[in-house]
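So the sequence lines, in the order shown, correspond to chains A and B. Taking this note's numbering, the leading residue of the first sequence gets 1375, the next gets one more, and so forth. Taking this note's numbering, the leading residue of the second sequence gets 1375, the next gets one more, and so forth.
Hints may be right or wrong, so weigh each one.
Because identical chains cannot be distinguished in the list, a pair is counted as satisfied if it fits within a single copy or across any two copies.
EDC-like, lysine to aspartate or glutamate: derived pairs with alpha carbons at most 20 Å apart [as the list claims (entries may be wrong)]:
no., residue 1, residue 2
1, K1479, E1438
2, K1488, E1450
3, K1435, E1417
4, K1445, D1492
5, K1398, D1432
6, K1398, E1495
7, K1488, D1422
The hints are simulated quantities; they were obtained by calculation from the structure and are not laboratory data.
Now for the letters of each chain:
Number of protein chains: 2
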Amino acid sequence: MVCDEKKRRSKCPVTFALDQLGDKWSLLIVRDLMFHGKRTYGEFLESDEGIATNVLADRLKRLEAEGIIEKTRDPENRRRVLYSLTDKGFDLTPLLMEMVLWSAKYDADTATPKAMLDRMENDRAAFIQEVREGMKI
Amino acid sequence: MVCDEKKRRSKCPVTFALDQLGDKWSLLIVRDLMFHGKRTYGEFLESDEGIATNVLADRLKRLEAEGIIEKTRDPENRRRVLYSLTDKGFDLTPLLMEMVLWSAKYDADTATPKAMLDRMENDRAAFIQEVREGMKI
């Protein structure tokens, strides 16, 4: 049992994660921040999945409220808002890596290069560290 | 880059996983099969999150169509349908483990016992194997 039976209603960790992460769109924003170096509202809007502006605005607010992302002003252009992952957000890296590895196994046309999959599988800690460093301003 | 830029529209592995896994309810069914030993429609319905019957029926169909779960007849009661995870479904174990570990870190009231969290973190392969064996009929 992963959850204690009595506590499960509110305390199941799978439910907690799913409630915090929300729907598909929230995790795609996390992906864009984590792997694609995106930082701005406009960049998220351009992603191929075609997120709607109202959905994007709502999910950014939710992710910020949950402490997964944070907003700062661009020091070079004070009118521009930059989003970044918090520690809590970066700690989702292993979860997204497992998603990528699972998809690579079951989607013959997956876009992830074989060399990257090998590193995710065999050099986890170093990969996670690189993701984190790549995201620094 | 986890996804090759040109291929990303349809081939991004994060999108693939999110599309296949669907919403929260699908993953709660996978959790019930994986960690709680549930096998029947009635057992899924009893889970604390209170899934609605129409949602449950729909998500079971979707998960079966995607090859994540499969149906068999209960050999002891031919009118009863038993659900189980396929190999593809069991291969979601690391993803759910990362969800549990993340939640344990950020939800002070998480229901997962500390000893189990330690095993998930430090003895991954054995834990995955046990999950798999626990699910055998």
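Now for the hints, and whether the structure bears them out:
1. K1479 to E1438: between (32 Å within a copy, 18 Å between copies)
2. K1488 to E1450: neither (37 Å within a copy, 46 Å between copies)
3. K1435 to E1417: Within one copy only: 16 Å inside, 36 Å across.
4. K1445 to D1492: neither (33 Å within a copy, 33 Å between copies)
5. K1398 to D1432: So K1398 and D1432 pass the 20 Å test inside a copy (13 Å) and across (18 Å) alike.
6. K1398 to E1495: Answer is neither: 24 Å inside a copy and 26 Å across each miss the 20 Å cutoff.
7. K1488 to D1422: Answer is neither; intra-copy 22 Å and inter-copy 40 Å both fail.
Hint violations for this structure: numbers 2, 4, 6, 7, all remaining hints satisfied.
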